[in-house]
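Just so you know, the sequences run in chain order A and B.
Numbering of the first sequence is given in this note's numbering, commencing with residue 1 and proceeding in unit increments.
Numbering of the second sequence is given in this note's numbering, commencing with residue 1001 and proceeding in unit increments.
Mixed in with the good hints there might be a few duds.
[Unchecked claim] Coverage of chain B stretches by chain A, computed from C-beta distances (three or more under 8 Å per stretch; other residues unrestricted): (1) 1007-1013; (2) 1042-1055.
[To be verified] Computed from the model, here is a short list of chain A residues facing chain B with C-beta under 10 Å: (3) E16; (4) P20; (5) G107.
What the hints contain is simulated information worked out from the structure, not anything from laboratory work.
Beta carbons are placed, not taken as given, at the ideal position from N, Cα and C, and that holds for glycine.
Given next are the chains, with one letter for each unit.
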Amino acid sequence: MAAVLVSTTINGDAVEFACPPEESLLSVLRNRLGMTGSKEGCSTGDCGACSVTLDGRIVCSCLVLGVEVDGRSVDTIEGMAEDGVLHPLQENFIEYAALQCGICTPGFLMAAKGLLERNPDPSETEIRYALAGNLCRCTGYDKIVRAVQATAKELRQKDKKKGRRKKKA
Amino acid sequence: MERDSAMRYQKPSTTKEAAALLHAEPGAAYVLAGGTDLLVRLKLGHIEPELLVDIKHIPAMREISHSAKGTRIGAAVSGAELGEHKAIAKAWPGIVEATNLIGSDQVQNRCTMVGNLCNASPAADSVPAMIAAGAKAVVVGHKGRRTVAVEKIVAGPGRTSLAKGELIEAVILPARPARSGDAYLRFTPRTEMDIAVVSAGVNLTLERGRIKTARVALGAVAPTAVLVPAAARAIIGTKLDEEALEKLAAACSAACNPIDDKRGTIEYRTKVAGVLAKRAAKIAFQRAGGA
Chain A
1 MAAVLVSTTI NGDAVEFACP PEESLLSVLR NRLGMTGSKE GCSTGDCGAC
51 SVTLDGRIVC SCLVLGVEVD GRSVDTIEGM AEDGVLHPLQ ENFIEYAALQ
101 CGICTPGFLM AAKGLLERNP DPSETEIRYA LAGNLCRCTG YDKIVRAVQA
151 TAKELRQKDK KKGRRKKKA
Chain B
1001 MERDSAMRYQ KPSTTKEAAA LLHAEPGAAY VLAGGTDLLV RLKLGHIEPE
1051 LLVDIKHIPA MREISHSAKG TRIGAAVSGA ELGEHKAIAK AWPGIVEATN
1101 LIGSDQVQNR CTMVGNLCNA SPAADSVPAM IAAGAKAVVV GHKGRRTVAV
1151 EKIVAGPGRT SLAKGELIEA VILPARPARS GDAYLRFTPR TEMDIAVVSA
1201 GVNLTLERGR IKTARVALGA VAPTAVLVPA AARAIIGTKL DEEALEKLAA
1251 ACSAACNPID DKRGTIEYRT KVAGVLAKRA AKIAFQRAGG A
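Please model the complete structure; the sequences and the hints are all you need to start from.
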């Protein structure tokens, strides 16, 4: 069948593309839109390297068809840093050496960001469960967990400060 | 890009329209809900559909509703959405726990209970829990609709009893008395991201401290999940004492017809089915308010 025209929102921007119905969202992002931050690991939904959010929920973009995102909102790793400033999670992944080869990193960052938005103070167990859909064959996970814990702490302290400033004002 | 084909994609807004599309397609047609099984099979070339019918734009499939008959869960409700629904989590914790065991958060945000059922894996987590619950599937075809017990849907590994053109619109969990409880347990070598080696679902209702009604179902021990009436009979009328539990376990082991594979031997699965059923029965009993 001829390609289908899809109108969607990616990282806040209106985007249009055409793709055949069987093409995955991951392939659309990487091969049609040049957004190669989402990685292709297993392509069967097991490794999480292609994780993006669809209407705010984390999904494997290899298990979503491009045509399914018509009228919906997609966020990818390319939208995580704002105006050239890295997200605290990204900073801490560097600080804690939570990556080696880097293929799994975008997926881990997307999943960890979603976790901290839902739960600002996760236990180590909660972090490990929330990241169970992301596989890393280099780090042994420990450094990733530490980076997420450090970021959670940082963000909570920032929130507290903000709260205090508001009270004073 | 991945495959040169003529596959079409449709997103109807009613179940009737979906059934008509599936019925009218002469070639291979599949229902797309969360896609966590279907898109893997598509990718691996195990299926070559002419038509995919996406059911996520059908309001009746997206809803969870309650009536005197029971709780109706639409076929396109994701595992995550089910888990976030407080009333269902309270009334049917076994169903919710079973469904939430499927895959990662990424999978939970897409996968559905009905998809788990129709994928027809013998090890599907939500299926023994649904069978134990006495759940019914609302099956819609181009000629009309019928309501079928969940245990009648799966015909064998990867096969369902649905006729061509039929699809499931929702699952109905029956209304039940207050002192009821359900539980689902599975055994996996890993704590997350694994497939059941053996599983057991138990649903029961108490009257004056004794089990009045019960349903027990097992997964991954036969070509399909199995309802074990003898296991239910072993605990009905009891306070779930040691003797009743032993009889329950023996009935469950007797109902097993498992395969031998790298994840578990026949002997292992047969033994563990009884152990898990006992543990699940104890949890269900406690949840029903039994002491």
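Which constraints among the numbered hints does this structure fail? Numbers only, ascending.
3
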